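*Asks:* So you can see what is in the structure, the chains are spelled out below.
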Amino acid sequence: MIINGTEKDFPEGITVAKLLEELSLDPNKVVVEVDQQIVPKDEYRQKKLSSTAAVELISFVGGG
Amino acid sequence: MQIYVNEKALTIKEGQTLHDLKEEIKKDADVLVYNGFITKENPILQENDRVVLIKKGEMPSMEEMEAMLLSRHTPGVHEKVKNFSVGIAGLGGLGSNAAMSLARIGIGKLLLVDFDVVEPSNLNRQQYFIRHIGMKKTEALKDLIQECNPFVEVETIDTFLDESNMAEIFKDVDIIMEAFDNAVSKALLTNTVLTKMKDKKLVAASGMAGFFSGNSITARKAGKNFFLIGDGVNEARPGQGLMAPRVSIAANQQANTVLRIILEEEGE
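Protein chains in written order, with this note's numbering: chain L, 1 to 64; chain Z, 1 to 268.
Chain L with its partners taken away, still in its complex shape (with noise of 0.2 angstroms):
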């Protein structure tokens, strides 16, 4: 699957929630985006990623 970009090696299937583990990304911090649709938080666990997925990550950083 793509990656914010960059072609990245994951298991077919994979939850959104257990990529954001992998990637060790707090998933309170972060907005997810699957092919162009912004995945709610409550749909982490649940929403399965195909071997062809667009995701993009933006994970936030404090300060402001």
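If you are wondering where the hints come from, they were derived from the structure by calculation, not from laboratory data.
A quick note: this is a predicted structure, and the numbers were derived from the prediction, not measured.
Fair warning: there could be bad hints in the mix.
Said to hold, decoys possible - Cross-link-like lysine to aspartate or glutamate pairs, in silico, EDC-like; alpha carbons within 16 angstroms at most: (1) Z:80 x Z:199; (2) Z:8 x Z:66; (3) L:41 x Z:163; (4) Z:40 x Z:28; (5) L:8 x L:22; (6) L:41 x Z:265; (7) Z:224 x L:33; (8) Z:196 x Z:168; (9) L:48 x L:35; (10) Z:136 x Z:119; (11) Z:224 x Z:174; (12) Z:221 x L:56; (13) Z:196 x L:33; (14) Z:55 x Z:23; (15) Z:8 x Z:47; (16) Z:200 x Z:172; (17) Z:221 x L:33; (18) Z:136 x Z:155; (19) Z:109 x Z:79; (20) Z:198 x L:33; (21) Z:224 x Z:163; (22) Z:196 x L:43; (23) Z:55 x Z:30; (24) Z:196 x Z:174; (25) Z:13 x Z:24; (26) Z:221 x Z:265; (27) Z:224 x L:56; (28) Z:224 x L:35; (29) Z:196 x L:42; (30) L:47 x L:7; (31) Z:22 x Z:41; (32) L:47 x L:35.
Claimed, not checked - Derived Cβ-Cβ restraints for the label pairs, each shown as a range: (33) L:2 x Z:83: 35 to 41 angstroms; (34) L:15 x Z:158: 36 to 42 angstroms; (35) Z:245 x L:57: 24 to 30 angstroms; (36) L:48 x Z:159: 36 to 42 angstroms.
Ideal Cβ positions, reconstructed from N, Cα and C, are used throughout, including at glycine.
Start from chain L and add chain Z according to the hints.
*Replies:* Here is chain Z on its own, set in the frame of chain L:
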């Protein structure tokens, strides 16, 4: 032929120059703003030219004030900017600085939301002054806006924004600015707007701590209605603080993005 003097329509004869107009209307004016630019030249006036005549040191009447405050704008900008409302979530380094820039450009309405009071450690990057310490940020910022552009409508809400109230509070504004300090609130507001308030434009910021190059703080279009400002990586943490220069760059990238959205210049 019609021109605008201090934003009021005026009919003049063909061939009149800027100095002819000054002699006729305000002999003692020493700042001549011609179509948004202070000029020493004496151009022949053209249809729809905009002229503002100012005498340095003189306090204008409230009727003349608004035109004078905005006389350096590119002509035509103010009419558009005045029709927009912006909701600002968080009035710290990002929100207070962005709000002041939006007030200076004559935004129609600002909805300012924060729960906190001004304390001394805010003053290294936020717009507040010593005299504001202990005041609600909403009240302090309203006071500052009043002092630099009283023609901006300001509404304040003194509350902690969370999942239960965000959508309701910002339902009537045109553009929402995410200006929180903490990453969880930033992500929460962004997810809420992008999934539940799909008609709103959102301008968020992430990554402006430290003293890295200001050039790394960019503004990009990250979705149809989503604009993201910042370097994306430099978080506030022990050993890496937040300071006025980079925080103000990010805040003003946010304010400029709002202006570009209003003027339909946002691009891709």
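*Asks:* Does each hint hold? Answer for all of them.
*Replies:* How the hints compare with the structure:
Of the supplied pair hints, the one linking residue 80 (chain Z) and residue 199 (chain Z) is violated, its CA atoms being roughly 19 angstroms apart against a limit of 16 angstroms. At roughly 11 angstroms between alpha-carbon atoms, residue 8 (chain Z) and residue 66 (chain Z) fall within 16 angstroms of each other, so this suggested pair holds. Note on residue 41 (chain L) and residue 163 (chain Z): the hinted pairing holds, with a Cα-Cα distance of about 12 angstroms set against a maximum of 16 angstroms. For the hint pairing residue 40 (chain Z) with residue 28 (chain Z), the CA-to-CA distance comes to about 15 angstroms; that is within 16 angstroms, so the pair holds.
Between residue 8 (chain L) and residue 22 (chain L) the alpha-carbon distance is near 12 angstroms, which keeps this suggested pair within the 16 angstroms criterion. A C-alpha spacing of about 32 angstroms is found between residue 41 (chain L) and residue 265 (chain Z), which places the hinted pair above 16 angstroms, so the restraint is violated. Between residue 224 (chain Z) and residue 33 (chain L), the direct Cα distance comes to roughly 12 angstroms. Compliance with the 16 angstroms bound is thereby established for this hinted pair. Distance check on the hinted pair: residue 196 (chain Z) and residue 168 (chain Z) sit about 11 angstroms apart at the alpha-carbon level, within 16 angstroms; holds.
Among the hinted pairs, residue 48 (chain L) with residue 35 (chain L) is consistent with the structure: their alpha-carbon atoms are about 12 angstroms apart, no more than 16 angstroms. This hinted pair checks out: residue 136 (chain Z) and residue 119 (chain Z) have alpha carbons roughly 10 angstroms apart, not beyond 16 angstroms. Distance hint between residue 224 (chain Z) and residue 174 (chain Z) is fulfilled; the C-alpha atoms sit about 15 angstroms from each other, no more than 16 angstroms. About 13 angstroms separates the Cα atoms of residue 221 (chain Z) and residue 56 (chain L), which keeps this hinted pair within 16 angstroms; it holds.
Restraint check for residue 196 (chain Z) and residue 33 (chain L): satisfied, since their Cα atoms lie roughly 14 angstroms apart, inside the 16 angstroms limit. A C-alpha spacing of about 13 angstroms is found between residue 55 (chain Z) and residue 23 (chain Z), which places the hinted pair at or below 16 angstroms, so the restraint holds. Using a Cα cut-off of 16 angstroms, the hinted pair residue 8 (chain Z) and residue 47 (chain Z) holds, with the two alpha carbons roughly 14 angstroms apart. About 9 angstroms separates the Cα atoms of residue 200 (chain Z) and residue 172 (chain Z), which keeps this hinted pair within 16 angstroms; it holds.
Under the criterion of a C-alpha separation no larger than 16 angstroms, the hint pairing residue 221 (chain Z) with residue 33 (chain L) is consistent with the structure, at around 14 angstroms. Straight-line distance between C-alpha atoms of residue 136 (chain Z) and residue 155 (chain Z) comes to about 14 angstroms, which keeps the hinted pair within the 16 angstroms bound. Distance restraint check for residue 109 (chain Z) and residue 79 (chain Z): the Cα-Cα separation of roughly 13 angstroms lies within the 16 angstroms cut-off, and the hinted pair is therefore satisfied. Restraint check for residue 198 (chain Z) and residue 33 (chain L): the C-alpha separation of about 14 angstroms stays at or below 16 angstroms, so the hint holds.
For the suggested pair residue 224 (chain Z) and residue 163 (chain Z), the alpha carbons sit about 22 angstroms apart, so the restraint of at most 16 angstroms is broken. About 14 angstroms separates the Cα atoms of residue 196 (chain Z) and residue 43 (chain L), which keeps this hinted pair within 16 angstroms; it holds. As the CA atoms of residue 55 (chain Z) and residue 30 (chain Z) are separated by approximately 5 angstroms, the hinted pair is consistent with the 16 angstroms bound. With a C-alpha separation of about 15 angstroms, the suggested pair residue 196 (chain Z) and residue 174 (chain Z) falls inside the 16 angstroms cut-off, and the hint holds.
Taken as a hint, the residue 13 (chain Z) and residue 24 (chain Z) pair is honoured in the structure, with Cα atoms around 12 angstroms apart against an allowance of 16 angstroms. With a C-alpha separation of about 12 angstroms, the suggested pair residue 221 (chain Z) and residue 265 (chain Z) falls inside the 16 angstroms cut-off, and the hint holds. For the hint linking residue 224 (chain Z) to residue 56 (chain L), the alpha-carbon distance of about 14 angstroms falls within 16 angstroms, and the restraint holds. Of the supplied pair hints, the one linking residue 224 (chain Z) and residue 35 (chain L) holds, its CA atoms being roughly 13 angstroms apart against a limit of 16 angstroms.
For the suggested pair residue 196 (chain Z) and residue 42 (chain L), the alpha carbons sit about 13 angstroms apart, so the restraint of at most 16 angstroms is met. Between residue 47 (chain L) and residue 7 (chain L), the direct Cα distance comes to roughly 20 angstroms. Violation of the 16 angstroms bound is thereby established for this hinted pair. About 12 angstroms separates the Cα atoms of residue 22 (chain Z) and residue 41 (chain Z), which keeps this hinted pair within 16 angstroms; it holds. In summary, the hint linking residue 47 (chain L) to residue 35 (chain L) is supported, as the alpha carbons are separated by about 12 angstroms, within the 16 angstroms threshold.
Taken as a hint, the range 35 to 41 angstroms holds for the pair residue 2 (chain L) and residue 83 (chain Z), whose Cβ atoms sit roughly 40 angstroms apart. Between residue 15 (chain L) and residue 158 (chain Z) the beta carbon distance is about 40 angstroms. The supplied range of 36 to 42 angstroms therefore holds. In this structure the supplied range 24 to 30 angstroms holds for residue 245 (chain Z) paired with residue 57 (chain L), their Cβ-Cβ distance being about 29 angstroms. Distance hint check: the CB atoms of residue 48 (chain L) and residue 159 (chain Z) are about 38 angstroms apart, consistent with the given range 36 to 42 angstroms.
Of the numbered hints listed earlier, those contradicted by the structure are 1, 6, 21 and 30.
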